[in-house]
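**Q** Using the hints, position chain B against chain A.
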Amino acid sequence: MNEQVVVKKIFGTDQEKERSIVFKKDSKNVVIRDSACTHQTFILQDNADVVIMDKPKITEKSRHITIVAGKGSKVLYTLALQGSADVSCKLISATGSTIDIRGIYIGSGDDQIAITTEQMHPAPQSHSSILFKGLLTDAASSIYKGIIVIRENAAGSNADQSHQAILTSSQARSLSVPALEILTDDVQCKHGSATGPFDDQLIFYLMNRGFSLNQARALLIKGFFAEVFSQSLFSKNFYANWIDEQIREVYE
Amino acid sequence: MISPYKSPKGLNKKIVTQISEQKNEPGWMTDFRLKALEIFESKPMPTWGADLKDLDPNDIYYYLKPAPQSSSWEDVPATIKDTFNALGIPQAEQKYLAGVGAQYESEMIYKNLRKQWADKGVIFLDTSSGLQQFPELFKKHFASIIPPHDNKFAALNSAVWSGGSFVYVPEGVHIDMPLQTYFRINQASMGQFERTLIIAEPGSFVHYVEGCSAPVYRSNSLHSAVVELIAYKNSRIRYTTIQNWAPNVYNLVTKRAIAYENAKVEWIDGNFGSKVTMKYPCIILKERGAQGQIISIAVANQNQHQDAGAKVIHLAPETTSNIVSKSISSKGGRTSYRGLVKVLPGCVNSSSSVKCDALMLDAQSRSDTYPTIDVREESARIGHEASVCKMSDDQLLYLMSRGFNEAQARSMIVNGFIDAFVKELPMEYAVEINRLIAHEMEGSIG
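Residue numbers (our numbering), protein chains in the order written: chain A, 3 to 254; chain B, 7 to 452.
Hints in this document: simulated from the structure, not taken from any laboratory.
Small disclaimer: the values here were computed from a predicted structure and weren't measured.
The reader is advised that the hints may include incorrect statements.
Said to hold, decoys possible - Subject to a maximum C-alpha distance of 30 Å in a straight line, what follows is the list of computed BS3-like cross-link-like pairs (lysine-lysine):
(1) B/Lys-121 to B/Lys-87
(2) A/Lys-192 to B/Lys-15
(3) B/Lys-361 to A/Lys-92
(4) B/Lys-29 to B/Lys-49
(5) B/Lys-49 to A/Lys-147
(6) B/Lys-41 to B/Lys-20
(7) B/Lys-361 to A/Lys-147
(8) B/Lys-281 to A/Lys-192
(9) B/Lys-87 to B/Lys-126
(10) B/Lys-20 to A/Lys-192
(11) A/Lys-192 to B/Lys-337
(12) A/Lys-224 to B/Lys-361
(13) B/Lys-396 to A/Lys-76
(14) A/Lys-238 to A/Lys-192
(15) B/Lys-396 to A/Lys-73
(16) A/Lys-76 to A/Lys-30
(17) A/Lys-92 to B/Lys-396
(18) A/Lys-224 to B/Lys-348
(19) B/Lys-239 to B/Lys-145
(20) B/Lys-59 to A/Lys-147
(21) B/Lys-281 to B/Lys-292
(22) B/Lys-429 to A/Lys-147
(23) A/Lys-192 to B/Lys-19
(24) B/Lys-348 to A/Lys-63
(25) B/Lys-126 to B/Lys-145
(26) B/Lys-429 to B/Lys-49
(27) B/Lys-292 to A/Lys-147
(28) B/Lys-145 to B/Lys-49
(29) A/Lys-192 to B/Lys-396
(30) B/Lys-396 to A/Lys-147
(31) A/Lys-147 to A/Lys-57
(32) B/Lys-15 to B/Lys-281
(33) B/Lys-348 to A/Lys-92
(34) B/Lys-49 to B/Lys-348
(35) B/Lys-41 to B/Lys-19
As the list claims (entries may be wrong) - Some chain A residues close to chain B (C-beta under 10 Å, calculated; not the full set):
(36) Ser-171
(37) Leu-185
(38) Thr-197
(39) Ser-234
(40) Gln-248
Positions of the beta carbon are idealized from the N, C-alpha and C atoms, including for glycine.
So here's chain B without its partners, still in its complex pose:
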């Protein structure tokens, strides 16, 4: 077996330049990466949010050329294997997800879909190919929403990005079937530093789905992606993420969208895994009539901290936003909602509604809410509410007195609690999420 190319641990100019050379990138991208490296090195680690003191940026491999990892099935933790079985993941997929198998063979399905999309002028490539094949389009939009100096981890991603998707939807085109990264399975799509850019021209629609509910096991422990969405006039972008990184991973992601006149952006964000997640999908409602919706759930079990949330910035009249956040903490896990709704002067007749609910399954767990509501426009109607409670004894009694055992009753209640999120998912994901919850609930009794 050919060993995969792996850069040594740690980060410096040489490694960044090598990454760019491996990918055959134009000079401007290499310069961009090097400048981003300087910004990364100059910024301190954030001291707000989750605890990052055990994260050492010098103890990470920053580039792994796509190839199967050389670890073995025996090294994969038993809990991960249990979850695969509970979710009914086929054998071949299990090995891939655990990073020990060869690429999952979905080439046939993908070929047919690729032709349909190409006929409509849709571009759906990995990001590096997007840069090679559509340089002008790429350069116009790349880093226009999240520049490298946005925050330390955006700077890191800007320096070492690899993998992710480049999606372009021409004017008026509606892509009915969700674009799923699962179809393009290769190491790049589940890499550590994905950079995704989606451009929806006026009047178009795309639904992009990434991740999967099955746990993704990697020995390397930092995932820091950047996702930029640009929704031009009257377009709609729906971006669904289901993240279930293994419990050793720091998942620090910057996601931001910009919505032009009457455009609509939806972030559907499911956070189930990782040791620490810090992720606050953001929508900038830039022009009149733009709409934003963020539905997120965060589930934190033992030793997990999901520090997630949502940000919406209203910049124009008649813009609306709706945020629904549901979180569940159990076995000592911690969920935190961190959000911002900002309404600038002139956003006449705009409205925003935020609803955060937290369910705590036991007395060891923790739930926090840190929202900021900044309103500078008199005609805007802004509401925020949050509640925290435990699983209702009355509901449990009701279900158990009708024949369900405790684990089944608890998983029904939890599935009902997160229904607002699950009903937004494509069917096969919804089924898997329900199974994942049932599996987690079994583990939580006793």
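In isolation and in its complexed conformation, chain A is listed as follows:
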């Protein structure tokens, strides 16, 4: 994407409950979502190219996003969740389109984070990819449910989905239900889910080079999250400060 494109801030503090936004054919946009809308649909016409970034401090807990990507269009949707949240993303991919969703979540106290995604591929040569990474402390819990459906006439499509969570306390909990329904053979699909603590070897490595335990953990979390927004310079820069702030809050 051309970095000269002006970043537009859209959707202000709109009180409408449902809103449908259309991105015109062949347009290129980078938008920031900072909205009280709980249900939104983004429709990309042919060959549109969009980056949609949710501001980290959106206050409403619930958001339900539908993305309909037209032929040849491309969309990257990014989000950063803090505290309890209920998020669902439904993606519908037309021929030649690419939809990427990237998100991180940080839960503490007794936060409950629920993320549900559906990747629907009714057309050939369509692509979608979802990556969520999370950090859970105290008695926070997360539930990730994702389904990829590739229909009979969606040959040449590929879809992947990954959810990774680091649990840092005895009461944290993660539930992951990634599902696949594949109705044609000429596809590549995969999903992965991983849950666990910090790698002891990496903590040891950093600590014997002079970092304290908390500094070591902070560094590892930063590295863990770095992958998520690395696809676009816009998203990488947009969330950098917020991530640093969150990590400082947890580990200092």
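**A** This is chain B only, laid out in the frame that chain A set:
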């Protein structure tokens, strides 16, 4: 020829009581069966999983006293006969497997092995004999892992069970040769409602193998078995199943194991046949250091749905589990992996890894994956990955450019794909599986 005893179709208290009387069972077992019947009748048919709407529990014979069936060789479908020939099954065995021949005569081999096992204190009997001859041991463990109210089909099996094996391995005894039901061939070992119970005392080892890769043809269409394994401290149980029921059979099975301290349980599960299979071998890792491994393959061809999977529940620290699932769907078949990995709080330093791969051989087939990963322990390391793809054109080109024809190339690729499963089998089974795949691949060209 004496006609075999066959109960009328359908199920009621009278039939259940007759089954128990035919077997001369103690009162507690008759009561157990009748209670299970009530539970079966009170539970609805499951609406998740495979499509069971054509299965009518009232249209089934629930008890056939062991005897040859009265159908004839001419009635056996041609596809079944073809597969027998492709696998090189001897004539006498073919008739037995098709349910039209007399019992296959393996008595001599079995007698010698029975003596060796008896000398070590090993018990290997059919389940009814186990109940008669070892009532206390039997009663202590029977239905302790899978009670009748577990699910509708466990309740059904609990009411009408017949056949299956009772195996007991004393402390410290290692049985080097796999125990195979093929040795005890009689109607009971290939019955519809087998109930198998295996108890491994501390430090013991047993490998039990059931089924065979040759298709087993039966006119009756429901197979609902229950298998319970109990692996005490430091013991190991390996249970291998190769199922190739004919394509009219509903195969709905509940299998569960419990592993105590440092015990290891392995389910090696091959699903090749049946119209519908719903089977999710489960291991409960109850005490520290217990290990579970489930290697399963599911092959679904035309009109087949293999809804198989694996479940592991971690209840203690330092428990580990490994699940490998491979599935192949072709000619419109459907394979579904349905699994659960659950790690409860306190399972410190436990780990689990699940890998599901699906191979789709054509555009008409279907592959699904429905795993659930529920982690409630911070130090546990849990990973799950799944992939779906088709047969690689590059691999086919490579093999065909070196002189293999398309069918041979495809069967080599499929055999390579399922290698993780095949290498766990005793040699003669591995050879048969390879032949079965080759035979299936020939049928899939064109």
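**Q** Determine for every hint whether it applies to the structure shown.
**A** To see whether the hints hold, each was checked on the structure:
1. B/Lys-121 to B/Lys-87: With a Cα-Cα distance of about 36 Å, the restraint between B/Lys-121 and B/Lys-87 is violated, given a limit of 30 Å.
2. A/Lys-192 to B/Lys-15: With a Cα-Cα distance of about 46 Å, the restraint between A/Lys-192 and B/Lys-15 is violated, given a limit of 30 Å.
3. B/Lys-361 to A/Lys-92: Holds: B/Lys-361 and A/Lys-92 sit about 26 Å apart, inside 30 Å.
4. B/Lys-29 to B/Lys-49: holds, 27 Å
5. B/Lys-49 to A/Lys-147: holds, 28 Å
6. B/Lys-41 to B/Lys-20: It holds: about 13 Å lies between the C-alpha atoms, which stays within 30 Å.
7. B/Lys-361 to A/Lys-147: holds, 18 Å
8. B/Lys-281 to A/Lys-192: Satisfied, since the Cα-Cα distance of roughly 27 Å is no more than 30 Å.
9. B/Lys-87 to B/Lys-126: Judged against 30 Å, a Cα distance of about 41 Å means the pair is violated.
10. B/Lys-20 to A/Lys-192: Since the Cα atoms of B/Lys-20 and A/Lys-192 sit roughly 52 Å apart, the hinted pair is violated (cutoff 30 Å).
11. A/Lys-192 to B/Lys-337: Cα-Cα ~22 Å, so holds.
12. A/Lys-224 to B/Lys-361: holds, 28 Å
13. B/Lys-396 to A/Lys-76: holds, 26 Å
14. A/Lys-238 to A/Lys-192: With Cα atoms ~25 Å apart, A/Lys-238 and A/Lys-192 stay inside 30 Å; holds.
15. B/Lys-396 to A/Lys-73: holds, 25 Å
16. A/Lys-76 to A/Lys-30: Between A/Lys-76 and A/Lys-30 the Cα gap is close to 9 Å, so the pair holds against 30 Å.
17. A/Lys-92 to B/Lys-396: holds, 26 Å
18. A/Lys-224 to B/Lys-348: holds, 28 Å
19. B/Lys-239 to B/Lys-145: holds, 20 Å
20. B/Lys-59 to A/Lys-147: holds, 28 Å
21. B/Lys-281 to B/Lys-292: violated, 34 Å
22. B/Lys-429 to A/Lys-147: Cα-Cα ~35 Å, so violated.
23. A/Lys-192 to B/Lys-19: Violated, at roughly 50 Å.
24. B/Lys-348 to A/Lys-63: Holds, at roughly 28 Å.
25. B/Lys-126 to B/Lys-145: Holds - the C-alpha atoms of B/Lys-145 and B/Lys-126 are around 22 Å apart, at most 30 Å.
26. B/Lys-429 to B/Lys-49: With a Cα-Cα distance of about 40 Å, the restraint between B/Lys-429 and B/Lys-49 is violated, given a limit of 30 Å.
27. B/Lys-292 to A/Lys-147: Within the cut-off at roughly 28 Å; holds.
28. B/Lys-145 to B/Lys-49: holds, 25 Å
29. A/Lys-192 to B/Lys-396: Holds - the C-alpha atoms of B/Lys-396 and A/Lys-192 are around 13 Å apart, at most 30 Å.
30. B/Lys-396 to A/Lys-147: holds, 25 Å
31. A/Lys-147 to A/Lys-57: The hint holds at about 23 Å.
32. B/Lys-15 to B/Lys-281: Holds - the C-alpha atoms of B/Lys-281 and B/Lys-15 are around 21 Å apart, at most 30 Å.
33. B/Lys-348 to A/Lys-92: Within the cut-off at roughly 27 Å; holds.
34. B/Lys-49 to B/Lys-348: holds, 25 Å
35. B/Lys-41 to B/Lys-19: holds, 10 Å
36. Ser-171: The hint holds - A/Ser-171 has a Cβ within 10 Å of chain B, the shortest such distance being about 6 Å.
37. Leu-185: The hint holds - A/Leu-185 has a Cβ within 10 Å of chain B, the shortest such distance being about 5 Å.
38. Thr-197: With a minimum Cβ separation of about 4 Å from chain B (threshold 10 Å), the hint on A/Thr-197 holds.
39. Ser-234: Because about 26 Å separates A/Ser-234 from the closest Cβ in chain B, which is outside the 10 Å limit, the hint is violated.
40. Gln-248: Constraint on A/Gln-248 not satisfied, violated at 19 Å.
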